[in-house]
Structures are given as structure tokens and as C-alpha cells.
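Engineer: Add chain B to chain L, keeping to what the hints say.
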Amino acid sequence: DQQVKQNSPSLSVQEGRISILNCDYTNSMFDYFLWYKKYPAEGPTFLISISSIKDKNEDGRFTVFLNKSAKHLSLHIVPSQPGDSAVYFCAASEGSGTYKYIFGTGTRLKVLA
Amino acid sequence: EAGVVQSPRYKIIEKKQPVAFWCNPISGHNTLYWYLQNLGQGPELLIRYENEEAVDDSQLPKDRFSAERLKGVDSTLKIQPAELGDSAVYLCASSPSGAGELFFGEGSRLTVL
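Chains L and B supply the protein sequences, listed in that same order. Take the position in the first sequence, starting the count at 1, then add 59; the result is the number in the numbering used here. Take the position in the second sequence, starting the count at 1, then add 54; the result is the number in the numbering used here.
Next comes chain B alone, as it looks inside the complex:
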């Protein structure tokens, strides 16, 4: 069974540029999460989807961050414009609806110069 796939693995951009990350969850997993992980910290939830509905986006900085999950499968997280403080690893995770553990992708490491 394929795991959670994220791309790109690494991205380096200048500040004020836009950037987008893509996530393909495990087949059949209805719940999809985007987490932010800063260096030396644990993952912090940005947004959670149940199918195509964002059920928890309270931690998403909506002035510059946006996300979508069309058709309830793949998801895209966008930052526009990026700031220096956005340098971090962006983790996507999925789980079967109503089940416990999360399955994480390898993450997308963003460096903003």
C-alpha cells in the first residue's frame, strides 16, 4: 500500500514569492491534515479536512495561507506571499475517518530567503 505522498520535498524561494505544496493521502483515507513543524518543535495543526470539507482551520493564517482538497482526495497548501518566518517543514497526514493514528508523509521543507 502506498503511503502519503508529498511534493516537492524541498523548496527554496525568495520572500514575497508564492509557493504551493501538494499531498496525496493513502487511498480510502477520508481525513487529511496539514501540519507545520518548526525546527526543534513538534508538529502543529494548520488545517484538517473530512473529505472535501475543512472541519478545523482555526490555526491556519488565512491572510497568506490557503488550502483546498478538491474531490476529497489530493490537497494543496499555498502560501502567498511567503515570509522569512514560514521556513519550516510542512507535513501532510491522513487517517481513516474516525480512526486514531495519523499516517504522515515525508514532508516538504521550505526555505524562504
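Isolated chain L, as found in the complex:
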């Protein structure tokens, strides 16, 4: 049972435009969410997180939106740059110190110059 789903395996976006990566989850107990970026042959690197007490968190070009009622979160990258081309994973956990993160299957973003 996939508790965290990224239904788009890949996405192509023109440089300078907005990239929107989506993530859905099924466990209503999840209350902490993260996005990671992964380049080939490297480990995932942390991008941005959001707690369930918020519906938006912004860090530079990256914004994460959380819709708890829909059990959906999205990562917006504006403007997209060729260096953003990577695989993006969302992850979720039940808080309270467990920090047992469940990862989605990833979305490969390609930003075209």
C-alpha cells in the first residue's frame, strides 16, 4: 500500500517557467512533509519542509503548499532553472518524534534551456 504517491514520473518545463510537482498521501496521521532533490549518483538533498499547522512554506524559488483536506501537497519552483533538473521526492511522517519518513516514488524534472 503506497501511502505517499507521486503520480507523475516525469515533467518537462521551459527555463524561466513554473514547475509544479505534486504529491498525494493517504495516511491522515501524517503531519510533517519534506521535499528532497536527487541528482544522479548522489544522495537526496533536503529542499523544503512543511508542518501540518501551515498551508504554505516558502524558501527562495521554492514554495510548498499543503492541502490537508485533499491530502495533497505540491512543490512550486519559480522560475525554473536548468540546474533544477533532478528527481524530486516527497516524504511524509507522523510527527511526535517518530520521524519515520515514507517517501514517494519521485518525479523526474527536466528544465529545458
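Rather than coming from a laboratory, the hints here were simulated on the basis of the structure. Some hints could be false.
No farther apart than 16 Å at their CA atoms in a straight line, the calculated lysine to aspartate or glutamate pairs in the EDC-like style are these [what the hints assert, rightly or not]:
| id | chain 1 | residue 1 | chain 2 | residue 2 |
| --- | --- | --- | --- | --- |
| 1 | L | Lys159 | B | Glu137 |
| 2 | L | Lys159 | B | Glu155 |
| 3 | B | Lys116 | B | Glu137 |
| 4 | L | Lys64 | B | Glu98 |
| 5 | L | Lys159 | B | Asp110 |
| 6 | B | Lys125 | B | Glu104 |
| 7 | L | Lys169 | L | Glu74 |
| 8 | B | Lys70 | B | Asp117 |
| 9 | L | Lys159 | B | Asp111 |
| 10 | L | Lys159 | B | Asp128 |
Okay, the calculated bits of chain L under chain B, using three or more residues with CB under 8 Å as the criterion [stated by the list, open to error]:
| id | stretch |
| --- | --- |
| 11 | 101-110 |
| 12 | 163-170 |
From a predicted model like this one, the values you see are computed outputs, not experimental measurements. We put the beta carbon where it would ideally sit given N, CA and C, even for glycine.
Structural biologist: This is chain B only, laid out in the frame that chain L set:
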């Protein structure tokens, strides 16, 4: 600050052979994770340590996999004997105790022939 260090980066072995992976977490990080990442999938938790105690090993296939974290710092993950289906990337991550984001190493890619 040095990141999470893993070795070896790549390992090729025959099936039924043993293999071991080593991880040195970021200094001061009490929590250490081992994740398995199959091709095209997100990382899946194998085991989580708080200091030297394994607090979550429910996903670790204990018939062939073992892990240890002596002195609460470095950790070793062992597979004996390896099977063809164990071919994957083994990721180590660490975090400060009780904090959110995980810091990943570059991973150890295992190929079982």
C-alpha cells in the same frame, strides 16, 4: 562541516556472497537511518537508530540483513548471503535527535550477479 560518509560507493558481488556497508554520520547526529532504494522507487526505511539503540527495525529482513551501531556513531549494514534481488542503492542518513530533516550520504550501489 563534513556530510554523511558512506563506503564503498559501488560493490559487485556474486549471489550468496556476504557484503557490508559502512556509514559515518554527521558529527553530533544521534539518529541514523539505513534506507534501501530500488531503481525507479523512493527510499524505503530498513532501520533507524537513536544513538546505539535500534528503535525501528521492522522493515529489516532479519534472515539475511543485520546492522549495528557500536558506540552510537558509525554504523555497518551487512547482507549475508546476498540475493539477486538485493541489487539496489543503500542510503545512510542522519539527523539531530528530534529534528526534522534527514541528511543523506551518497549511497552504496550494490550489484549482485
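Engineer: Decide, hint by hint, whether the structure agrees.
Structural biologist: Evaluated hints:
1. L:Lys159 x B:Glu137: Violated, at roughly 27 Å.
2. L:Lys159 x B:Glu155: holds, 11 Å
3. B:Lys116 x B:Glu137: holds, 14 Å
4. L:Lys64 x B:Glu98: Holds: L:Lys64 and B:Glu98 sit about 13 Å apart, inside 16 Å.
5. L:Lys159 x B:Asp110: OK: L:Lys159 and B:Asp110 at ~9 Å, within 16 Å.
6. B:Lys125 x B:Glu104: With a Cα-Cα distance of about 11 Å, the restraint between B:Lys125 and B:Glu104 holds, given a limit of 16 Å.
7. L:Lys169 x L:Glu74: Satisfied, since the Cα-Cα distance of roughly 9 Å is no more than 16 Å.
8. B:Lys70 x B:Asp117: With a Cα-Cα distance of about 13 Å, the restraint between B:Lys70 and B:Asp117 holds, given a limit of 16 Å.
9. L:Lys159 x B:Asp111: Holds - the C-alpha atoms of B:Asp111 and L:Lys159 are around 11 Å apart, at most 16 Å.
10. L:Lys159 x B:Asp128: violated, 20 Å
11. 101-110: With 6 residues close enough to chain B, the hint holds.
12. 163-170: Contact hint for the stretch 163-170 of chain L vs chain B: holds, 3 residues under 8 Å.
Hint check: violations occur at hints 1 and 10; the rest are consistent with the structure.
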